[in-house]
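*Asks:* The primary structure of each chain is shown beneath.
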Amino acid sequence: MRRHPRLLVASLVIASLVVAACGDDDTEATPTTVAATEAPAVTDAPAATDAAATTAMETPAVEGTVTVFAAASLTAAFTEIGEVFMTEYPDAEVVFNFAASSELVTQIGEGAPADVFASADRNNMTKLTDAGGNATEPTLFARNLLEIIVGPGNPSGIAGVADLADEDLIVVTCAPEVPCGKYAAEIFANAGVTVTPKSLEENVKAVASKVTLGEADAGIVYRTDVIAAGADASGVEIPEDINVVAEYPVAVTKDASNAEGAQAFIDFVLAEHGREILDSYGFLAP
Amino acid sequence: MSSGRRRGARARLPVPALVLAAVAIAFFALPLVGLLWRAPWSNAWRYLTDDDALTALRLSIVCSLWATALSIVFGVPLAWVLARVEFPGRTVVRALCTLSMVLPPVVGGVALFFALGRRGLVGQYLDRWFDIRLPFTTAGVVVAQTFVAMPFLVITVEAALRQLDQRVEDAARTLGASRWYTFRRVTLPAVRPALVAGAVLSWARALGEFGATITFAGNFPGTTQTMPLAVYLSLETNPEEAIVLALLLIAISFGVLVGLRDRWFGARTAVAA
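Chains as they are written, first to last, in the numbering used here: chain W, 2 to 287; chain D, 419 to 691.
A portion of the hints provided could be inaccurate.
Partial pick of chain D residues on the chain W-facing surface, computed with a CB cut under 7 Å [stated by the list, open to error]:
(1) L496
(2) W498
(3) F548
(4) S596
(5) F638
(6) E654
(7) T655
To be clear about the criterion: a stretch of chain D counts as covered by chain W if any three or more of its residues have a C-beta under 8 Å from a C-beta of chain W, and this derived list gives those stretches [said to hold, decoys possible]:
(8) 479 to 491
(9) 507 to 517
Quick caveat, the hints were computed from the structure, so don't treat them as lab data. The beta-carbon is built from N, C-alpha and C at its ideal position, and this holds for glycine as well.
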């Protein structure tokens with residue numbers, strides 16, 4: 002009977018595995034919220050020292066942690082914007098949580114501490130506003146176009162969306178459940194072609210990596226993803242008349258613990274410097 | 419043995435151990451209760467009879483059973499070699515064969531690309547010479563699941579083989595039994611509880627596999643979209659449906675585990691041990 006305890010342990014392991022597997026394996030993206038508990042008595046900072054920090058801008062003091070929940074496609078651009086923001090406002094700290102927009106909405110709905118929500122589509126922002134989760138009206142801050150991503154130098158010689166109908170090509174797109182998959186389906190419909198993807202990926206980065214790894218011949222991703230892939234991939238533009246424009250709205254959340262900081266961050270994204278950074282990653286002006 | 423043990427168990431229950439065990443049970447039970455609490459019971463039937471869900475469920479069951487079968491076919495000999503054959507670097511080989519247990523599954527999926535993908539070490543020849551492509555196929559799902567599931571069987575069976583008194587096998591051999599006959603009639607029955615436990619662990623791991631599958635095999639309904647993938651994707655748009663599908667997966671696993679435990683791990687264990 003020596004074996005019994007071990008088998009009990011084994012069955013508990015199984016139970017935990019099954020439960021774990023049913024959750025979201027690789028997506029836990031809890032924000033590393035830095036404990037910003039210094040200076041409990043926040044009064045009006047002396048104007049003299051503050052003026053030096055905010056230089057030309059006539060904004061109220063921005064301080065404390067600003068927690069930004071942003072769509073995965075914004076990762077690179079927003080990280081840079083955050084760094085520049087913090088040099089502009091040395092008393093503020095920006096903390097990011099990047100994930101699929103739909104996932105972020107769920108997290109905010111479940112009480113995750115977000116000050117700012119930046120979505121990769123209107124739909125997920127609407128989910129937030131419908132639930133009364135926003136403090137300010139959503140503002141569009143960027144647009145993104147869809148593009149065909151292919152291997153470096155376009156080895157399969159893909160000229161446009163119509164070529165993707167070729168059954169011998171391995172084409173991957175996002176799943177229809179996520180925005181990039183919805184857009185891909187719209188583009189195929191606009192072009193009047195029937196494309197049978199070999200896989201419907203869970204997010205746009207997975208589509209890009211299937212192509213950069215050489216396992217897929219082509220995929221539909223955002224223009225910014227082709228730019229981010231650098232030398233590992235090439236892009237084939239999709240003509241405007243069949244392309245879809247993804248719109249990125251941003252808003253302060255209702256439960257924001259740092260509403261002032263949140264608004265300052267959004268203003269910064271919308272201002273010239275933020276615009277330039279977004280530009281450099283391939284985002285279009287709203 | 420049994421009388422002494424029974425008396426000990428009845429006499430004094432160690433309170434601290436019981437409290438800690440209760441916390442552990444709550445730790446595993448609460449997330450399940452959470453799912454049950456949030457489950458949209460009024461719509462449950464509609465989600466369960468959805469064609470896509472049934473397709474994903476069927477694929478999950480078929481693929482996980484294949485993965486379990488492959489784990490047994492290759493895993494038992496591997497466990498035997500690791501337990502019985504002395505060779506240099508055995509520790510390294512053992513660690514290598516259980517590496518996929520600690521590897522993040524998505525990394526495992528990418529590693530499978532590098533090995534078996536269209537541009538992979540072996541995969542490019544499979545593609546060129548035999549026209550075999552594993553990524554984005556049902557076979558790819560089985561490969562990914564086997565990759566992460568087999569170690570569970572290997573370590574369980576290897577441990578049992580090590581504990582087995584080899585004199586029993588030696589006795590069979592001296593009585594004229596062939597090596598295969600000895601393995602089949604002496605060794606295998608003796609390690610059967612471990613083999614079943616290992617197979618069930620592997621199966622459970624394969625059934626819940628997500629990261630390696632979605633990375634290596636992709637996600638397409640009917641060919642590679644298994645239940646965990648369907649659950650994950652429906653979380654994006656329809657969390658209610660995701661909860662129902664997750665509960666279905668849990669119910670199936672739970673049923674099998676509880677059923678098997680009574681049947682295999684109960685009375686027969688004593689005989690085998």
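*Asks:* Next step is simple, just say for each hint if it's right about the structure.
*Replies:* Quick rundown of the hints versus the structure:
1. L496: violated (19 Å)
2. W498: violated (20 Å)
3. F548: Violated: closest Cβ of chain W sits about 17 Å from D/F548, beyond 7 Å.
4. S596: violated (29 Å)
5. F638: Hint on D/F638: holds, closest Cβ of chain W at ~5 Å, below 7 Å.
6. E654: holds (4 Å)
7. T655: holds (5 Å)
8. 479 to 491: Violated: only 0 residues of the stretch 479 to 491 of chain D have a Cβ under 8 Å from chain W.
9. 507 to 517: violated (count 0)
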